[in-house]
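All chains should be modelled from the sequences, with the hints used to inform the complete structure.
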Amino acid sequence: MPKIRRFLPERPAVPGAARTIERNDLDAAAVLAEVARTDAVLAKRLAQRTIERDDVARDEAVIELARTDAELAARLAERTVERDDIARDEASLELARTNAELARRLAERTIERDDVARDEALTELARTNAELKTRLAERTIERDDVARDERLTELARTNAELKARLAERTIERDDVARDERLTELARTNAELKARLAERTIERDDVARDEALTELARTNAELKARLAERTIERDDVARDEALTELARTNAELKARLAERTIERDDVARDEALTELARTNAELKVRLEERTIERDDVAREKALAELVRTDMAETQHRLHAAELQALNGELESFSYSVSHDLRSPVRAVIGYASAIEADYGAGLDAECRRLLTVVKDEAGRMGDLIDDLLAFSRLGRQPMTTAMVNMTSLAREVVAEQAGKHGQSICEIDALPDVRGDRTLLRQVWVNLVSNALKYSSKSAMPAVKLWATREPERVIYNVRDNGVGFDMAYAGKLFGVFQRLHRSDEFPGTGVGLAIVQRIVHRHGGTIWVDAHLGQGAVFSFALPNGDTE
Amino acid sequence: MNDLDVVEVLLVEDNPHDAEMTIRALTKCNFADKLFWVKDGVEALEFIRCTGTYEGRRPQQHLKLVLLDLKMPRLSGLEVLRELKSDTVTATIPIVVMTSSKEDRDVMESYELGVNGYVTKPVQYASFMETVERIGVYWLTLNQSPTR
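Here the protein sequences line up with chains D and F, keeping their order.
At position 515 of the first sequence the residue is numbered 515 (my numbering), and the sequence of numbers has no breaks.
At position 45 of the second sequence the residue is numbered 45 (my numbering), and the sequence of numbers has no breaks.
Please note that the accuracy of each hint is not assured.
As the list claims (entries may be wrong) - Partial list, computed: chain D residues near chain F (C-beta under 10 Å): (1) HIS338; (2) PRO343; (3) ALA356; (4) ALA360.
These are calculated hints, taken from the structure and not from any lab test.
Note that beta-carbon positions come from the ideal geometry of N, C-alpha and C, so glycine has one too.
Rendered as structure tokens:
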């Protein structure tokens with residue numbers, strides 16, 4: 001037999017809270033027990049002290065009495081010597097009176113002392129109570145402190161977490177800034193390269209221009225000197241000068257060319273070296289930062305993964321638990337479906353076989369008894385079938401679509417109308433609704449057949465179906481003018497196997513309305529009833545408005 | 001020729017009371033002499049395959065109907081169904097599941113395995129008798145069985 005107990009909904013586990021409440025309860029109970037114990041001890045001690053004090057007082061009074069007696073006796077004796085019988089009588093009377101008075105005073109004092117002792121005990125008790133209360137209050141405060149500390153710890157943890165996340169985001173932002181700077185640097189580098197190239201060209205140009213200017217100047221000078229010398233010297237000299245001039249020119253040109261090349265090369269080399277160095281440096285820094293960023297990203301991804309994993313694991317555990325429960329429920333009803341029916345079938349079958357085979361030889365009473373066996377076994381079969389149908393409802397998946405409720409209700413009324421005698425059925429136009437057609441059909445079948453069944457004994461059975469629209473929902477109603485019922489029992493009506501009529505008055509197993517309620521609930525709706533004894537009933541169910549979806 | 005060689009209906013049923021009621025119903029319409037009752041899935045396979053206890057059985061004709069219960073000890077009805085329908089020699093034997101269960105999964109699985117019919121045993125005696133009779137009449141007289 002599967003453990004049906006496990007199908008009961010469990011309270012969601014909030015381990016910490018539950019434990020705290022339990023602990024508080026336990027502590028409070030312990031304190032109360034302590035108070036009770038202290039009370040008992042005090043009461044016992046009070047009783048003892050009262051008895052002790054009474055005893056002492058009584059002893060003292062008795063001693064006092066004895067002493068007084070002795071004194072009086074002495075005085076009486078003295079007086080007796082001095083006085084006559086009358087005096088003695090008087091003394092006797094006085095003695096008796098004094099005795100009575102002493103007895104009274106003794107009684108009074110006993111009572112007083114008892115009262116005092118009791119008051120003291122009560123005061124003591126009150127003080128102890130107050131003290132316990134104070135200790136209870138202190139412990140409550142302590143517990144509050146613990147709770148506050150825990151919350152502070154939690155707060156601190158959250159703070160730390162937030163800081164960590166802030167730091168991460170700062171790193172991210174820094175990275176972005178660094179990227180921007182790298183881009184800027186690269187851009188500047190490119191610009192510098194461009195400018196360097198330009199300046200190299202400029203410088204070359206300037207140098208060349210200067211050299212040319214110098215050359216031109218030298219040429220002009222040489223020409224002038226040649227002209228002078230030409231005047232002074234001979235052709236040989238002139239030739240030499242020209243040769244010299246040509247040589248100098250060539251030399252200058254060569255030197256100019258060399259210098260241009262040299263300067264360009266040096267500057268370019270330097271720039272290139274600098275550029276390469278900067279590039280290398282930037283690459284290293286970029287790599288470092290990439291690694292850092294990857295690490296951070298990796299850690300974040302890991303944390304996220306762990307978090308997701310935990311949530312998923314919990315989800316999976318929960319799902320697995322539910323699935324296990326569902327599985328158990330299913331195997332339970334599966335076994336019921338297979339095994340519970342066959343004995344019932346055998347009982348009915350054999351009783352019927354006796355009737356069929358030996359019916360002629362049986363007397364009326366024997367046949368009646370056999371009928372009872374068959375009918376009751378049949379009823380058990382119906383109960384099992386209905387219970388299985390009810391259990392299937394909860395497990396069956398829903399297929400929702402827009403359902404034409406008017407045609408569905410008409411179809412059901414037409415099908416059910418013949419089963420419970422004649423009645424007048426009126427069906428208004430009913431708004432469509434989103435739901436599972438098969439399940440909603442079952443709702444109409446159960447409500448309509450109930451209405452027809454419970455009004456079948458009325459003089460003019462009448463059933464009416466109508467609906468009212470509200471913004472968020474549609475309310476469908478089924479009214480009959482049948483036997484109705486006392487609304488005091490309305491709460492029982494939707495329970496499984498709950499009936500308000502005996503099955504010999506109206507047949508049934510008491511599962512129909514439970515099924516209706518379950519279907520309506522599965523559609524996110526509600527169901528209620530209004531009825532009066534002898535004046536019929538109105539069953540209403542509200543379903544979410546399909547148009548709003 | 002042996003009685004077992006002319007069997008047309010094989011009843012596979014572990015519950016003797018259900019078997020008795022089924023036989024009673026089939027007797028009423030004179031199908032009982034062609035019926036043989038085996039008490040679980042293993043015995044059913046042995047009978048059909050002429051092995052084990054039924055070694056030496058020489059069937060004169062193909063079975064016209066197997067009435068198969070689902071919940072049985074040893075080999076369940078669904079397992080018997082799977083065995084018979086996956087073997088080309090026995091795949092054409094008409095099999096009707098007759099069980100207590102109305103569970104959707106039993107119905108679905110039976111049809112997926114190739115069952116030829118699925119009937120829920122009625123609890124009421126009269127309906128039970130009528131159901132068995134109608135199954136018998138349909139498969140043994142109306143229906144054209146495969147010859148091999």
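Could you work out which earlier hints the structure fails to respect and list their numbers in ascending sequence?
4
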